[in-house]
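As given, the protein sequences belong to chains W and A, one line each in that order.
For what it's worth, the numbering used here labels the leading residue of the first sequence as 1, then goes sequentially.
For what it's worth, the numbering used here labels the leading residue of the second sequence as 1, then goes sequentially.
Note that these hints are calculated values from the structure, not bench results.
Given the structure is predicted, the values throughout are model-derived calculations rather than measurements.
Heads up, a few of these hints could be off.
In silico negatives: residues of chain A with every beta carbon more than 12 Å from chain W [claimed, not checked]:
{"no.": "1", "residue": "M28"}
{"no.": "2", "residue": "V94"}
{"no.": "3", "residue": "L115"}
{"no.": "4", "residue": "A121"}
Derived CB-CB ranges, DEER-like [said to hold, decoys possible]:
{"no.": "5", "chain 1": "W", "residue 1": "H45", "chain 2": "A", "residue 2": "Q40", "range": "16 to 26 Å"}
{"no.": "6", "chain 1": "W", "residue 1": "G19", "chain 2": "A", "residue 2": "G38", "range": "24 to 34 Å"}
{"no.": "7", "chain 1": "W", "residue 1": "H45", "chain 2": "A", "residue 2": "V19", "range": "37 to 47 Å"}
{"no.": "8", "chain 1": "W", "residue 1": "G74", "chain 2": "A", "residue 2": "S100", "range": "25 to 35 Å"}
Derived coverage of chain W by chain A (criterion: at least 3 residues anywhere in the stretch with Cβ under 8 Å from a Cβ of chain A; other residues may be distant) [claimed, not checked]:
{"no.": "9", "segment": "85-99"}
{"no.": "10", "segment": "135-143"}
From the three backbone atoms N, C-alpha and C, an ideal C-beta is built for every residue, glycine too.
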Amino acid sequence: MQTRGHPNRLGIRGWVGGGRWGFERYMYTLHRLSGLALLVYFTMHIFVTSTRAVGPDAWKQTMSVVSGPLFTMGEYLVFAAFAFHAVNGIRLGAIELGFAVGRPIEPVYPYQTSVGGQRRLARAVLMIAFVVALWGGLDFFVWK
Amino acid sequence: MRDRTLWTWHIGAGAVILVLLGLHMVIMHLSGTLGFLGVQDAEPTGWASVAARAGSLFFTLTYVALLGAALYHGFYGFRNILMELNPGRTVRSVINVGLSVVGLALFAFGTWAALAAPGAATMAGG
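Please put together the full structure from these sequences, using the hints given.
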């Protein structure tokens, strides 16, 4: 988006590199990639599940096409993408609303930064997303 | 509409998705977890289960709400990604109109499927 004084010159290249960025920048990239993947899947999902409006034969025929280990793995990847996108989305919303940013303080030496609190939050998000994805993996492949 | 308003709707839609898609994931994909909780649905994608959910007003309403929230959240997010690439004025208009039309068409189609499914289930004796 065109911004005053800071035009986006890197484009998509900026998603993967362009400066001394912390790992939160790569969470941003992963958030976008997972979001785009979910959008593509969701669009196809609308068409696949709409066959229930035609009747049981059409539904069963469609389900026979989209079943098997490959599709189970694909569905699990969608689940994992949702887990990351959802938990990271909560983090982004919280930061936008001012949580985990810290109070404004006087810039007096030794200087303090709000990055520490945000980094802890980012690490917590990654851990929670990992645990949810692991839980889903057990349910998809072990407990069935 | 101003971007600030659209962005607020984007976050609101995300909150709706968090709840409804979370529920959808648990019901459709985490049958082992549901089993631990004492809720058993042998085959959530089996026609009997699909017909039962299609006949439920709760599932129909939440499906349409999730459909609308997910399409808005997804397409508005996609629009923002495209807008960051600094397209010209004409391309911006094409993106805005094109994504709106595709999103509305998908919403109309998905809503039709949700509303027509109970009739299909009844005719099939489900």
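Check: Does the structure break any of the earlier hints, and which numbers would those be?
Finding: 1, 3, 4, 6, 7
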